[in-house]
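Trainee: Here is how the chains run, residue by residue.
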Amino acid sequence: MRTRSGPVPSPAEQPREAWPLWEVFVRSRAGLSHQHVGSLHAVDADMAVENARDVYTRRGEGASLWVVPADAITASDPQDSSAFFGLDEEFRHPNHYVVPDEVHGI
Amino acid sequence: MSEPLLRIADSCLVLTQRLTAWCGHAPALEEDIALANVALDVLGHARALLTRVGELEGAGREEDDLAYLRDAGEFRNQLLVEQPNGDFAHTVVRQFLFDTWSATLWPALTSSTDEVVAGIAGKAAKEAAYHVRHSGGWVIRLGDGTQESHARMLAAVEDLWPYAGEAYLDDAVDVEAAEAGLVPLPSSLAGAARFRLEQVFAEATLPIPPEPYWQRGGRQGQHTEHLTYLLADMQVVHRAHPGATW
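Protein chains in written order, with numbering that gives the first Met the number 0: chain Z, 0 to 105; chain S, 0 to 245.
Just so you know, these hints were derived from the structure itself, not from any lab.
For every residue, glycine included, the Cβ atom is placed at its ideal position computed from N, Cα and C.
Careful, some of the hints might be misleading.
Okay, the calculated beta carbon distance ranges per label pair [what the hints assert, rightly or not]: (1) Z:H33 to S:Q146: 33 to 43 Å; (2) Z:G85 to S:D232: 37 to 47 Å; (3) S:D70 to Z:W65: 16 to 26 Å; (4) Z:A17 to S:S110: 39 to 49 Å.
Which bits of chain S does chain Z cover? Going by a derived footprint, with three or more residues having C-beta under 8 Å, they are [what the hints assert, rightly or not]: (5) 41–55; (6) 132–141.
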């Protein structure tokens, strides 16, 4: 067979636009929620689901997959972190109740 | 009677060797992993069948003996799978032609009179169903993609089409094995495989070439020159260090 294109070029020799980024969520079994496991590149949602299957569920990790375009996610601003998360509001933790000895399962 | 199984096993083994050459070279990391996954699945099919072939022939040969200690003339793979990787379009077309065959074969093999073979086929059928979906997806994307990708797919189809028919040609060995219920008759798979191929090619805007003289002979041990080099790569370590273990 003739090989019209010659030897296979290495990825570095193949300039191309980067494929869009997708965030991947895997539900490990029915009843649990989908957990974020990582990200990958794919040209569209169908390919993203297949790539997620191949990259993140190779060892039977998943029962269900979600993929979400990474640019559809709005993240909190790191500059806001002290206002968002740095509060000392210990009273919101239910740590100050005296639980009677007779009560179990709390 | 193990010959028809050897034909299937060798096609899987040789294709695996071709696919593994893409490791680290695929167009994207994700596809690199996908191709490796397919290769591992197909290798699993080859190993299981080679082991069964060894048991049936009763000459004390195990999977490694069959994989590493036979020369090209003793291999029974179809010519398609030994064709070089070429560009990604060639690899995709070769894979899709193989997958349309294997995704049709394995479900039929689940009713083999050999229970071991039927068991292997049950697992393989699920994997092959994913493989043909994956390679078919690439045929559609690249065929119905850019001018460049369409042209490369046309070239790949033109190059590989003469090798697309061998898997469906019957010979006396096939007929005898099919009558015994060991394997389906190769020609009995052609209709369903062709149906899937026509659907995908239509969506890919790729014309199906007219029927050529199908290149043949691989399943009887007559190969293209490519197989010798492939086997040299695949077998060199085992032959240089006989009996070596991890």
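Trainee: Next, verify each hint and record whether it holds.
Mentor: Status of the hints after comparison with the structure:
1. Range check, H33 of chain Z to Q146 of chain S: Cβ separation about 39 Å, and the 33 to 43 Å hint holds.
2. A hinted range of 37 to 47 Å for the beta carbons of G85 of chain Z and D232 of chain S is inconsistent with their spacing of about 59 Å.
3. Evaluation of the 16 to 26 Å hint for D70 of chain S and W65 of chain Z yields a failure: the beta carbon distance comes to about 50 Å.
4. At roughly 47 Å, the beta-carbon separation of A17 of chain Z and S110 of chain S lies within the given 39 to 49 Å, and the hint holds.
5. Here's how the stretch 41–55 of chain S fares: 0 of its residues keep a CB closer than 8 Å to some CB of chain Z, so the rule of at least three is not met and the hint is violated.
6. For the stretch 132–141 of chain S, the proposed coverage by chain Z is satisfied: 4 residues have a C-beta within less than 8 Å of a C-beta in that chain, meeting the threshold of three.
Figure legend: structure checked against the earlier numbered hints; hints not met, in rising order: 2, 3, 5.
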